[in-house]
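Protein sequences appear in the order of chains A and B.
If you read the first sequence in numbering that gives the first Met the number 0, its first letter stands for residue 0, the second for the next number, and so on.
If you read the second sequence in numbering that gives the first Met the number 0, its first letter stands for residue 0, the second for the next number, and so on.
It is worth saying that the hints were derived from the structure and are not from the lab.
A portion of the hints provided could be inaccurate.
Pairs of lysine to aspartate or glutamate residues, derived as EDC-like cross-links and limited to a Cα-Cα distance of at most 16 Å, are as follows [stated by the list, open to error]:
1) Lys77(B) with Asp169(B)
2) Lys200(B) with Glu42(B)
3) Lys225(B) with Glu268(B)
4) Lys129(B) with Glu110(B)
5) Lys84(B) with Asp152(A)
6) Lys161(A) with Glu110(B)
Which chain A residues stay away from chain B? Per the calculated CB distances, all over 12 Å, these [as the list claims (entries may be wrong)]:
7) Ser41
8) Ser52
9) Tyr90
We put the beta carbon where it would ideally sit given N, CA and C, even for glycine.
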Amino acid sequence: MTLKERLISYGLPALALLALFLVWEWAVYQFKIPRFILPAPSVVARSLWQWRSAILGHAAQTLYTTLVGFGIAVGFGLLLGWLVGFSALLYKAVYPILIGFNSIPKVAIVPVLVIWFGIGTVPAVITAFLISFFPIVVNVATGLATLEPELQDVLRSLGAGKLQIFRKVGLPRTLPYFFASMKVAVTLAFVGSVISETVASNKGVGYLMIAASSRFDVPLVFAGLLVIATLGILLYALFAILEGRLTSWAYRR
Amino acid sequence: METETSTTTQAAVEFRGVGLTYRARDGSTLALDGVDLAIRPGEFVAIVGPSGCGKTTFLKLTSGLLLPTQGEVRVQGKPVRGPLKIVGMAFQNPTLLPWRTTLENVLLPLEIVQPHRRLYRRNRGAYREKALGLLQSVGLEGFVRRYPWQLSGGMQQRASLCRALIHEPDILLLDEPFGALDAFTREELWLVLQKLCLERKCTTILVTHDLREAIFLADTVHVMSKRPGRLVARREVTFPRPRGLEACFTPQFLDLYQGIRGLIGEVREAT
Ligand SMILES: Nc1ncnc2c1ncn2[C@@H]1O[C@H](COP(=O)(O)OP(=O)(O)OP(=O)(O)O)[C@@H](O)[C@H]1O
Ligand SMILES: [Mg+2]
Numbered sequence: 000m001t002l003k004e005r006l007i008s009y010g011l012p013a014l015a016l017l018a019l020f021l022v023w024e025w026a027v028y029q030f031k032i033p034r035f036i037l038p039a040p041s042v043v044a045r046s047l048w049q050w051r052s053a054i055l056g057h058a059a060q061t062l063y064t065t066l067v068g069f070g071i072a073v074g075f076g077l078l079l080g081w082l083v084g085f086s087a088l089l090y091k092a093v094y095p096i097l098i099g100f101n102s103i104p105k106v107a108i109v110p111v112l113v114i115w116f117g118i119g120t121v122p123a124v125i126t127a128f129l130i131s132f133f134p135i136v137v138n139v140a141t142g143l144a145t146l147e148p149e150l151q152d153v154l155r156s157l158g159a160g161k162l163q164i165f166r167k168v169g170l171p172r173t174l175p176y177f178f179a180s181m182k183v184a185v186t187l188a189f190v191g192s193v194i195s196e197t198v199a200s201n202k203g204v205g206y207l208m209i210a211a212s213s214r215f216d217v218p219l220v221f222a223g224l225l226v227i228a229t230l231g232i233l234l235y236a237l238f239a240i241l242e243g244r245l246t247s248w249a250y251r252r
Numbered sequence: 000m001e002t003e004t005s006t007t008t009q010a011a012v013e014f015r016g017v018g019l020t021y022r023a024r025d026g027s028t029l030a031l032d033g034v035d036l037a038i039r040p041g042e043f044v045a046i047v048g049p050s051g052c053g054k055t056t057f058l059k060l061t062s063g064l065l066l067p068t069q070g071e072v073r074v075q076g077k078p079v080r081g082p083l084k085i086v087g088m089a090f091q092n093p094t095l096l097p098w099r100t101t102l103e104n105v106l107l108p109l110e111i112v113q114p115h116r117r118l119y120r121r122n123r124g125a126y127r128e129k130a131l132g133l134l135q136s137v138g139l140e141g142f143v144r145r146y147p148w149q150l151s152g153g154m155q156q157r158a159s160l161c162r163a164l165i166h167e168p169d170i171l172l173l174d175e176p177f178g179a180l181d182a183f184t185r186e187e188l189w190l191v192l193q194k195l196c197l198e199r200k201c202t203t204i205l206v207t208h209d210l211r212e213a214i215f216l217a218d219t220v221h222v223m224s225k226r227p228g229r230l231v232a233r234r235e236v237t238f239p240r241p242r243g244l245e246a247c248f249t250p251q252f253l254d255l256y257q258g259i260r261g262l263i264g265e266v267r268e269a270t
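The shape of chain A in the complex, shown without the other chains (with noise of 0.2 Å):
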């Protein structure tokens, strides 16, 4: 990259972060909204600072939740993915039922989840599961199914089995669509914990947000969704610079 893409793709977003915190600032004090209704950036800002030791604790047990959630939906996401993908019997099968289970809202299913594994972190990392696989698991399944005959071709007529196509032509085939999913499925799975730890639990960002809300607190809360969405933003950048350097390929880089 050049100095000047450099200066584009990382100034311009932060200059249009910039100028989004000045608009707020301006339109509190302007409009005299109080601080219960909607808080300035500089007094959420106040807010973060004076509670940091105690938001960095929820955060870490957000994240790890999320985390944890978002591995388990890699791991069986690609899995049923390939699977899925390379049956078409099994497709037609399966993806009538994955259609319906993504329509379930996920909060609907976290008190089941609470009578079954009680509150904290096991129904946190569940949601963050259940919540992101479905992306992975439908791009992942299109890829495979995708797969030009004529590069199966070459190697079929090379003798390679049918294990052997798929590792060499099926996964690497595959690793765009998986990594443009995971960028999705990584801001999903932070959905899922919070809104688990909100109904849920004692610990993580959500809850912490909950409580603050009910002791009116509301710069607190505006920290706490300050802090999901800067996560959010890190890890999707995380999976974005991993995306480039993996399948660099496909974007002809």
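Could you slot chain B with the ligands onto chain A? The hints should help.
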């Protein structure tokens, strides 16, 4: 297992009354019909015929990628029941794997075909050298680290040719391997291919639209009719090898050329 050993030398490839019908949702296509042919080990066969007559289908039948719907295909005496390991095929579209560099694409067969697959780790250096040598012989030495989309169409075809050759297959199937090349590069590659085939003595089937190419390279030229494809004529080419490009301008060559050209003309007109 049948082990026929005829008194004459066993054919490398044998078609016995082979027909192939493609079945699709909106009706079926008879692509090949009643093809009978025997190819000697080491023979270089060229097949010419109008577009859509079933030449690619013929190669896929030979390699076992397709199974005949009528008759029988035999390779080295055994009926073909599935994809064969002893063939190397250069497809009509280069079909390089987009996530591999040119060099990695050429090395692909060695990762799959035995005994190379077993020896791959140990012999990696030697295999790389061999691949680089092949790539150099087709003029791609400067592009070994490039990805397929960074190559021109003709360069991709040349890489694909190297991939078909690298594991030294007994039977080489080439589907218009030089279709996207200019006349000069093409003639250069005729010489490269001739040299390789003479060294390795592999049986080769070349599908081409270029009649000069067919006559220059082949021992036998077959003419295929319009769809459904049948082999309607066979011409032996007896010029001594190695042939130089000047052979193309001898009266014998031109006679043969005119003769086969006439045949193809008749085939095209026939309804
Ligand atoms: N997968 C397929 N399904 C259905 N029909 C097919 C299929 N492949 C080829 N055909 C049909 O079979 C016939 C022969 O096709 P083939 O590809 O063998 O022709 P070809 O001689 O190689 O032509 P060309 O010189 O243009 O490459 C064509 O009419 C084509 O429409
Ligand atoms: Mg063809």
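Given the proposed pairing of Lys129(B) with Glu110(B), does the C-alpha separation stay at or below 16 Å?
-> 14 Å, holds
Between Lys225(B) and Glu268(B), does the CA-CA distance stay at or below 16 Å?
-> Holds. Lys225(B) to Glu268(B) sits at ~9 Å (cutoff 16 Å).
Compare the distance between the alpha carbons of Lys200(B) and Glu42(B) with 16 Å, and conclude whether the hinted pair is satisfied.
-> 8 Å, holds
Separation of Ser52(A) from chain B, once the least beta-carbon distance is taken, above 12 Å = The claim holds: Ser52(A) sits with its nearest Cβ about 46 Å from chain B, beyond 12 Å.
Going by Cβ atoms, does Ser41(A) stay more than 12 Å from chain B at every point?
-> The claim stands: Ser41(A) keeps its Cβ more than 12 Å from every Cβ of chain B (closest is about 49 Å).
Does the alpha-carbon distance linking Lys77(B) and Asp169(B) stay inside the 16 Å limit?
-> 14 Å, holds
Grab the minimum beta-carbon distance between Tyr90(A) and chain B and tell me whether it stays above 12 Å.
-> 19 Å, holds
Proposed proximity, Asp152(A) with Lys84(B) (alpha carbon, max 16 Å) | 12 Å, holds
Taking only the CA atoms, is the gap from Lys161(A) to Glu110(B) under or equal to 16 Å?
-> Holds - the C-alpha atoms of Glu110(B) and Lys161(A) are around 15 Å apart, at most 16 Å.
The structure agrees with every numbered hint stated previously.
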